[in-house]
Amino acid sequence: EKLNNYENEPGIEKGLTYEVPEPEFFESKNAYGERVAKAMIDQIFDQIGPRFDNANLLASQSKKLKKELSDARRTLAEVQQRAKPYLDIINKYNNPNLTKQFDEQIFKLEQNFDRQLEHHIFLNEQREQERFNQQRELREQLRIEQEQKKQLAEQERQEKERLAFLRRQELEKQRKNEPKKPDNSNDNDYSPS
1393 EKLNNYENEP
1403 GIEKGLTYEV
1413 PEPEFFESKN
1423 AYGERVAKAM
1433 IDQIFDQIGP
1443 RFDNANLLAS
1453 QSKKLKKELS
1463 DARRTLAEVQ
1473 QRAKPYLDII
1483 NKYNNPNLTK
1493 QFDEQIFKLE
1503 QNFDRQLEHH
1513 IFLNEQREQE
1523 RFNQQRELRE
1533 QLRIEQEQKK
1543 QLAEQERQEK
1553 ERLAFLRRQE
1563 LEKQRKNEPK
1573 KPDNSNDNDY
1583 SPS
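Taking my numbering, I'd label the letters of the sequence shown as residues 1393 to 1585.
Keep in mind the hints are simulated off the structure, nothing from the lab.
Only pairs whose alpha carbons sit at most 27 Å apart, straight line, appear in this in silico DSS-like list of lysine-lysine: (1) Lys1542 - Lys1430; (2) Lys1552 - Lys1568; (3) Lys1542 - Lys1421; (4) Lys1476 - Lys1492; (5) Lys1476 - Lys1459; (6) Lys1552 - Lys1541; (7) Lys1500 - Lys1456.
Label-pair restraints from in silico Cβ distances: (8) Ala1556 - Ala1447: 49 to 57 Å; (9) Phe1524 - Ser1420: 31 to 39 Å; (10) Ser1462 - Glu1520: 19 to 27 Å.
Just so you know, these numbers come straight off a predicted model, no measurement behind them.
Each residue gets a CB set at the ideal place from its N, CA and C atoms; glycine is no exception.
Could you build all of it, start to finish, from the sequences and the hints given here?
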(Lines of atoms letter the chains of each structure in order from A and count residues from 1; the text may use other names and numbers.)
(Lines give C-alpha, C1' and ligand atoms only; values in the text may rest on other atoms or scores of the structure.)
Protein backbone atom coordinates (compact mmCIF):
# COMPACT_ATOMS: atom_id res chain seq x y z
CA GLU A 1 0.00 0.00 0.00
CA LYS A 2 2.86 2.39 0.71
CA LEU A 3 4.11 2.04 -2.87
CA ASN A 4 0.94 3.73 -4.07
CA ASN A 5 1.77 6.85 -2.04
CA TYR A 6 4.71 7.66 -4.30
CA GLU A 7 4.50 9.26 -7.69
CA ASN A 8 5.37 6.68 -10.36
CA GLU A 9 5.53 8.99 -13.38
CA PRO A 10 6.88 12.46 -12.60
CA GLY A 11 5.95 15.11 -15.17
CA ILE A 12 8.99 15.87 -17.30
CA GLU A 13 8.93 18.69 -19.82
CA LYS A 14 10.31 17.57 -23.15
CA GLY A 15 11.79 20.77 -24.60
CA LEU A 16 13.46 23.90 -23.35
CA THR A 17 12.46 27.36 -24.50
CA TYR A 18 14.15 30.70 -24.32
CA GLU A 19 13.45 34.28 -25.32
CA VAL A 20 15.98 36.31 -27.30
CA PRO A 21 16.34 39.90 -26.04
CA GLU A 22 15.93 42.79 -28.48
CA PRO A 23 19.09 44.63 -29.60
CA GLU A 24 19.72 48.05 -28.12
CA PHE A 25 20.01 51.05 -30.46
CA PHE A 26 23.79 51.59 -30.67
CA GLU A 27 24.83 48.14 -29.44
CA SER A 28 27.58 46.32 -31.37
CA LYS A 29 26.95 42.87 -32.79
CA ASN A 30 29.52 41.32 -30.46
CA ALA A 31 27.97 42.91 -27.36
CA TYR A 32 24.50 41.90 -28.51
CA GLY A 33 25.69 38.32 -29.23
CA GLU A 34 27.23 38.04 -25.77
CA ARG A 35 24.08 39.44 -24.16
CA VAL A 36 21.89 36.97 -26.11
CA ALA A 37 24.15 34.02 -25.18
CA LYS A 38 24.11 35.00 -21.49
CA ALA A 39 20.31 35.44 -21.49
CA MET A 40 19.83 32.04 -23.18
CA ILE A 41 22.15 30.28 -20.73
CA ASP A 42 20.39 31.89 -17.75
CA GLN A 43 16.96 30.90 -19.06
CA ILE A 44 18.04 27.33 -19.79
CA PHE A 45 19.55 26.92 -16.33
CA ASP A 46 16.33 28.31 -14.81
CA GLN A 47 14.39 25.62 -16.69
CA ILE A 48 16.82 22.83 -15.82
CA GLY A 49 16.82 23.66 -12.07
CA PRO A 50 13.40 22.08 -11.33
CA ARG A 51 14.58 18.91 -13.06
CA PHE A 52 17.51 18.62 -10.68
CA ASP A 53 15.09 19.14 -7.76
CA ASN A 54 12.87 16.39 -9.18
CA ALA A 55 15.89 14.07 -9.47
CA ASN A 56 16.75 14.70 -5.82
CA LEU A 57 13.14 13.94 -4.88
CA LEU A 58 13.26 10.64 -6.80
CA ALA A 59 16.54 9.71 -5.11
CA SER A 60 15.05 10.36 -1.66
CA GLN A 61 11.99 8.29 -2.61
CA SER A 62 14.28 5.41 -3.58
CA LYS A 63 16.01 5.63 -0.20
CA LYS A 64 12.63 5.61 1.56
CA LEU A 65 11.57 2.55 -0.45
CA LYS A 66 14.75 0.70 0.48
CA LYS A 67 14.20 1.52 4.15
CA GLU A 68 10.58 0.39 3.91
CA LEU A 69 11.71 -2.84 2.24
CA SER A 70 14.11 -3.48 5.09
CA ASP A 71 11.39 -2.73 7.66
CA ALA A 72 8.92 -4.97 5.81
CA ARG A 73 11.41 -7.86 5.78
CA ARG A 74 12.04 -7.41 9.50
CA THR A 75 8.30 -7.36 10.19
CA LEU A 76 7.84 -10.42 8.00
CA ALA A 77 10.52 -12.30 9.92
CA GLU A 78 8.84 -11.35 13.21
CA VAL A 79 5.44 -12.51 11.91
CA GLN A 80 6.97 -15.80 10.80
CA GLN A 81 8.55 -16.33 14.22
CA ARG A 82 5.30 -15.49 16.04
CA ALA A 83 3.15 -17.60 13.74
CA LYS A 84 5.41 -20.66 13.80
CA PRO A 85 4.24 -22.05 17.18
CA TYR A 86 0.62 -21.68 16.15
CA LEU A 87 1.31 -23.24 12.79
CA ASP A 88 3.04 -26.15 14.48
CA ILE A 89 -0.03 -26.73 16.66
CA ILE A 90 -2.36 -26.43 13.69
CA ASN A 91 -0.16 -28.75 11.63
CA LYS A 92 -0.43 -31.45 14.25
CA TYR A 93 -4.21 -31.37 14.10
CA ASN A 94 -5.02 -30.16 10.65
CA ASN A 95 -2.90 -29.90 7.52
CA PRO A 96 0.73 -31.01 7.57
CA ASN A 97 1.56 -28.85 4.50
CA LEU A 98 0.33 -25.55 5.98
CA THR A 99 3.82 -24.30 6.94
CA LYS A 100 5.14 -25.13 3.51
CA GLN A 101 2.27 -23.27 1.84
CA PHE A 102 2.72 -20.31 4.20
CA ASP A 103 6.46 -20.18 3.44
CA GLU A 104 5.78 -20.37 -0.31
CA GLN A 105 3.30 -17.49 -0.14
CA ILE A 106 5.74 -15.38 1.87
CA PHE A 107 8.52 -16.18 -0.62
CA LYS A 108 6.28 -15.08 -3.52
CA LEU A 109 5.43 -11.83 -1.72
CA GLU A 110 9.12 -11.12 -1.11
CA GLN A 111 9.98 -11.78 -4.76
CA ASN A 112 7.19 -9.52 -6.04
CA PHE A 113 8.24 -6.70 -3.71
CA ASP A 114 11.90 -7.08 -4.73
CA ARG A 115 10.98 -7.03 -8.43
CA GLN A 116 8.86 -3.90 -8.01
CA LEU A 117 11.66 -2.14 -6.13
CA GLU A 118 14.26 -3.15 -8.75
CA HIS A 119 11.97 -1.93 -11.53
CA HIS A 120 11.42 1.40 -9.74
CA ILE A 121 15.18 1.85 -9.25
CA PHE A 122 15.82 0.93 -12.91
CA LEU A 123 13.28 3.52 -14.10
CA ASN A 124 14.85 6.20 -11.87
CA GLU A 125 18.32 5.44 -13.22
CA GLN A 126 17.02 5.51 -16.78
CA ARG A 127 15.37 8.92 -16.22
CA GLU A 128 18.58 10.27 -14.68
CA GLN A 129 20.59 9.06 -17.69
CA GLU A 130 18.11 10.70 -20.08
CA ARG A 131 18.33 14.00 -18.17
CA PHE A 132 22.12 13.82 -18.17
CA ASN A 133 22.16 13.18 -21.95
CA GLN A 134 19.77 16.10 -22.57
CA GLN A 135 21.90 18.43 -20.47
CA ARG A 136 25.07 17.31 -22.25
CA GLU A 137 23.43 17.92 -25.64
CA LEU A 138 22.28 21.38 -24.52
CA ARG A 139 25.76 22.30 -23.31
CA GLU A 140 27.27 21.10 -26.60
CA GLN A 141 24.66 22.99 -28.62
CA LEU A 142 25.35 26.19 -26.64
CA ARG A 143 29.09 25.75 -27.12
CA ILE A 144 28.65 25.27 -30.88
CA GLU A 145 26.37 28.32 -31.13
CA GLN A 146 28.86 30.46 -29.22
CA GLU A 147 31.71 29.22 -31.41
CA GLN A 148 29.71 30.02 -34.55
CA LYS A 149 28.96 33.51 -33.25
CA LYS A 150 32.65 34.09 -32.55
CA GLN A 151 33.58 32.89 -36.04
CA LEU A 152 30.92 35.12 -37.61
CA ALA A 153 32.14 38.13 -35.62
CA GLU A 154 35.73 37.40 -36.70
CA GLN A 155 34.67 37.11 -40.36
CA GLU A 156 32.81 40.42 -40.12
CA ARG A 157 35.84 42.09 -38.56
CA GLN A 158 38.13 40.74 -41.29
CA GLU A 159 35.70 41.87 -44.00
CA LYS A 160 35.57 45.38 -42.51
CA GLU A 161 39.36 45.54 -42.42
CA ARG A 162 39.55 44.37 -46.04
CA LEU A 163 36.99 46.98 -47.16
CA ALA A 164 38.83 49.72 -45.26
CA PHE A 165 42.11 48.67 -46.93
CA LEU A 166 40.49 48.72 -50.39
CA ARG A 167 38.99 52.15 -49.70
CA ARG A 168 42.40 53.51 -48.65
CA GLN A 169 43.94 52.13 -51.84
CA GLU A 170 41.20 53.71 -53.94
CA LEU A 171 41.69 57.09 -52.26
CA GLU A 172 45.44 56.91 -52.85
CA LYS A 173 44.86 56.15 -56.55
CA GLN A 174 42.49 59.09 -56.84
CA ARG A 175 45.03 61.43 -55.24
CA LYS A 176 47.75 60.26 -57.60
CA ASN A 177 45.54 60.71 -60.66
CA GLU A 178 44.31 64.22 -59.79
CA PRO A 179 45.91 66.92 -61.98
CA LYS A 180 48.17 69.18 -60.01
CA LYS A 181 47.03 72.79 -59.91
CA PRO A 182 49.58 75.56 -60.30
CA ASP A 183 50.21 77.36 -57.10
CA ASN A 184 49.17 80.87 -58.13
CA SER A 185 47.86 83.05 -55.43
CA ASN A 186 46.12 85.33 -57.95
CA ASP A 187 43.85 82.76 -59.55
CA ASN A 188 40.73 84.51 -58.38
CA ASP A 189 41.96 88.01 -59.08
CA TYR A 190 40.21 89.38 -62.18
CA SER A 191 41.37 92.98 -61.86
CA PRO A 192 43.42 94.43 -64.73
CA SER A 193 47.06 94.67 -64.01
